[in-house]
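Undergrad: Residues per chain are reported as follows:
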Amino acid sequence: MSENSKSSPLKMYFGIWAALLLGTFITYKVAFIDLGRFNAAVALIIATIKALLVALFFMHIKGAHEKLLKLVVISTVFFLFILLILSMADYGTRTWS
Amino acid sequence: MPDSTLVGLHHEEEHHPELLHHFADAQQQRDSASLGMWIFLGTEIMFFGGLFCAYLIYRRWYFGDFGAASKSINALLGATNTAVLICSSLTVVFAVWAAQTARRRLLIGSLVITMLLGLTFLGIKGVEYKEKFEEHHVPGPSFSFDHVPIPGHPDQYANPRHAQIFFSLYFIMTGLHALHMIIGLGLFAWLLFMAWKGRFTPEYHTPIEIGGLYWHFVDIVWIYLFPLLYLIDRHP
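Chains as they are written, first to last, in my numbering: chain A, 1 to 97; chain B, 1001 to 1236.
Isolated chain A (complex conformation) (with noise of 0.2 Å):
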């Protein structure tokens, strides 16, 4: 579906995937760093980066026909962190155990 479908796109293929084995590398490696609180918030960076790629060029968002197809997964990504943003902000605060 991209507009250049003239020239090879295989080359940016191999790429993205050359990209996403190098961020699952980090990941697993940076795991087994000492990095206190920020173990989790480096590898849900990098997992979101992995499924940005995956989703903008595998997936051919980047360069839909469609304008529609951008506001679906936005508002779907919206509605997810409305469920996961506000149920944290109640369970995430809550000082009694």
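Hints may be right or wrong, so weigh each one.
Under the rule of at most 25 Å between Cα atoms (straight-line distance), these lysine-lysine pairs were calculated in the DSS-like manner [stated by the list, open to error]:
| hint | chain 1 | residue 1 | chain 2 | residue 2 |
| --- | --- | --- | --- | --- |
| 1 | A | LYS29 | B | LYS1132 |
| 2 | B | LYS1071 | A | LYS70 |
| 3 | B | LYS1071 | B | LYS1130 |
| 4 | B | LYS1071 | B | LYS1132 |
| 5 | A | LYS29 | A | LYS67 |
| 6 | B | LYS1132 | B | LYS1197 |
| 7 | B | LYS1197 | A | LYS29 |
Pairwise CB distance ranges, derived in the manner of DEER restraints [to be verified]:
| hint | chain 1 | residue 1 | chain 2 | residue 2 | range |
| --- | --- | --- | --- | --- | --- |
| 8 | A | LEU56 | B | GLU1135 | 35 to 45 Å |
| 9 | A | ILE74 | B | GLY1175 | 22 to 32 Å |
| 10 | A | LEU10 | B | THR1120 | 15 to 25 Å |
In case anyone wonders, no lab produced these hints; they're calculated from the structure.
Predicted model, so just to flag it, every value in this text is computed and none were measured.
Cβ coordinates follow ideal geometry from the N, Cα and C atoms, glycine included.
Given the coordinates of chain A, work out where chain B should sit on it, guided by the hints.
TA: Okay, now just chain B, sitting in the frame of chain A:
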């Protein structure tokens, strides 16, 4: 008026046989199919989102117990499976490109390799589950997680009841993900059969594209499951 209707009908008959009459052209038909698939994936994201939310709440409550339980899972198998899924995503984009550019052999080869990688993933998953069964880490009457120290607190043991919640989430989340993989393998077997029969052309390859979106989505779910279930509190 009757004349123009006849002309219209005649014009439509010349279209590609897979182009349905309520679409203006093949491009619009493909875009509509992708949009529908993305709406379905949106419901899937919310579906898995509920489980991720449960995970976050319990991880906060039973922080150390979750760390101890996560440490008992084989992280190297999880990392290998991540790499296997990433490779399968690459072969899926190859399949979509091959369908767009009418490369039948590349299309069939990519679909076959994708399915082999999917089966490899499930095989490794099976090895991992077997380890958990042997260690009595499967929630239920025979569950046992006694005298496992909490990471960072060698003098404290994890509460087995809290660790059991981690393993419940582990089996539900990875199990649902594995179920999605099995469904994906079924879809790809059908795509392979259609590709073998030569049904896909540069004008019509919507099933390959839609199946690919599904496969990539399952990959993204795993990208998050891997650090959250396998890699928490690993450092010494």
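Undergrad: Looking at the structure, which of the earlier hints fail to hold?
TA: 2, 5, 6, 7
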